[in-house]
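K.L.:
Next come the chains, spelled out residue by residue.
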Amino acid sequence: MILEVDNIHTFYGETQVLFGVSLSVKKGEVVALLGPNGAGKTTTIRSILGLTRARRGSVHFNGADITRAPTHKIAQAGVGWVPDDRRIFPTLTVRRNLEIARKTTGFANWTIDDACKIFAPLEHLLPRECENLSGGEMQMVAISRALVGAPGLILLDEPSQGLAPKIVNDVMNVIRRLREEGLSMLIVEQNVNIALSVADRVFVMNHGRIVEEGPAENYRKQGAARAATLAAAT
Amino acid sequence: MSDARNPVGRWITLPILASFAVFGTLPYWVEAVGLYQYLGLEIMVWVIFALGYNLLLGYGGLPSFGHGAFIGIGAYAFGVAQFHFIPNLWICLLAAIIITGLCGLAAALLVSRRRGIYFALMTIAIGQVFFFIASKWTSVTGGEDGLLNIQRLPVDFGLFSIDIQDTASLYYLAFALYAVVVVLLWRLVHSPFGRILGAIRQNEERVRFLGYNVFIYKAIAFILSTMVAGLAGGLFAMAQEGAYIQIMNLQWSGTVVLMTLIGGGLVSFWGPVFGVVLYFIARDILGAYTEAWLLWFGLMFMLLVMFKPEGLAGIWRDTVGGLVRRKPAAAPSPHPNQSPAE
Ligand SMILES: Nc1ncnc2c1ncn2[C@@H]1O[C@H](COP(=O)(O)OP(=O)(O)OP(=O)(O)O)[C@@H](O)[C@H]1O
Ligand SMILES: [Mg+2]
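Residue numbers (this note's numbering), protein chains in the order written: chain A, 44 to 277; chain B, 4 to 345.
Next up, chain A with everything else stripped away, as it sits in the complex (with noise of 0.2 Å):
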């Protein structure tokens, strides 16, 4: 197991938003994350990075407990995200952007010229200032940033929120690629159809709880209508 989250409880401040929720990622493979709005998979993703911190289970990432870590020391061991809103700095350059997040983990480190071979066009995009990036170029850059701090695993947000299908495709083909190197990825996404066609596994919550789980294949033999029914999760 890459990453093993037991029995979470996460509160912001007296409000509690998730009840005791356990998921897991082996080592290579693609786990979705599935449910409607404020189903609570942000912060399961950021009870996982210690940004919102778990009051009551534990988080264990290869091996190693993280549930107390600070966050740039869960950074540093080889968590990468890809956040929702895909923020990067806006006044630096992409390259800037790039240059900072680099390190070396205990994982393959990647440089910038490996994620350029997986975007094509992000070598176009380097000496731009991501201000002016669009939807699809600035998720390029999020998920490239996460790649060159040599993540044993990255936590995707919603990669395909916003984008137009063609991009989105795009994207998908990427997190393909990505796996046929053999990264480990924790996919969120509100597009059942989408994320089942990356994953191997799938959780789906609801109400800060897990409601289910099972291998992907399960749930694309049950095609489209079985979709829908996860996306407002029984």
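I should point out that these hints are in silico values taken from the structure, not numbers from a laboratory. Heads up, some of the hints might be wrong.
Stated by the list, open to error - Label-pair ranges, simulated between beta-carbon atoms: (1) B:Glu294 / A:Gly178: 50 to 60 Å; (2) A:Gly106 / B:Leu113: 31 to 41 Å; (3) A:Gly178 / B:Ile120: 30 to 40 Å; (4) B:Val308 / A:Arg171: 26 to 36 Å; (5) A:Gly106 / B:Asp321: 52 to 62 Å; (6) B:Leu187 / A:His103: 41 to 51 Å.
Unchecked claim - From chain B, some residues computed to sit far from chain A (all C-beta separations above 10 Å): (7) Phe68; (8) Arg118; (9) Ile127; (10) Asn206; (11) Phe212; (12) Tyr215; (13) Ile284; (14) Met309; (15) Lys311.
These numbers come from a predicted model, not from an experiment. Just so it is clear, CB atoms sit at the ideal spot from N, CA and C, and this is done for glycine as well.
Position chain B with the ligands relative to chain A; hints supplied.
P.N.:
Chain B with the ligands alone, transformed into the frame defined by chain A:
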């Protein structure tokens, strides 16, 4: 912030040279325009202080509202080193920088986990603590009387030394130190450290998630800015020939914020310089007409904040800068979170 188009990576840039030209010749023309030598000295001291302060406010987005304490500590440290240690200029200035930096370190450990309003409140409290200590620790600071008769120590070069008793000479010492500070700060804010600091200002959480220990970066920025304040304090002690508790007043902490903002420290490296110059000119010119000059200055500040939050530097950039420099085709409007660039 910087790329091939902008030669900001260099040690010396055109604006730096321009500032050398203006400040380097100041004693020769300051009287001709109806002002006086001591004003130049005051401006130089506060410019150094405010430039260091802007490392925090402008680049790190860290509003310290108690920074007056550190220029005060620098002034006392300079005096104490002179009276009780060795009356050598370099050693006393070094003592001012180091002692202020150590106090800055203590403060930084307390405030660097905070941000926004909490950071600001903590710095006010810390400023008050230092003020209280300075006013009670009479054996060292002279309490309400302050430290009197601090000497303008000669500039000692080993083989020879230069006397700086008169204000214009002391001004040149301050100017030389300004030159060093401005070049070092310029390099610093355009170094990887400066870029991380700017990124922290834009989004602290994200920087943490790139694997940086944000606490350390904020603490270093805080300590560096207090060390610069300590240097300014040492010069101030010589300018005033004394160190007094008043300088540690909350009012002076507010003044440096005002200067930095009105000048445009949030968008420009040069903001604090513009702001300090404007403040002192306003004090002397408005002050000649009315006791209530600070009220008018305050109103000016409010108008500027309402209509031109980028301050004087923003006005300069939109007028003079726009004529001089060819802007990229779709010049982006200043981003609210943008770090000071030029
Ligand atoms: N900063 C916050 N403070 C208080 N409550 C919050 C905060 N962020 C989220 N919440 C609440 O926590 C719950 C879970 O939110 P979360 O963002 O984790 O959901 P999500 O599954 O990511 O939803 P979405 O699909 O809309 O992104 C929601 O009820 C939300 O209102
Ligand atoms: Mg979300």
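K.L.:
If any of the earlier hints don't hold here, list their numbers in rising order.
P.N.:
The structure breaks hints 10, 11 and 12; every other hint is satisfied.
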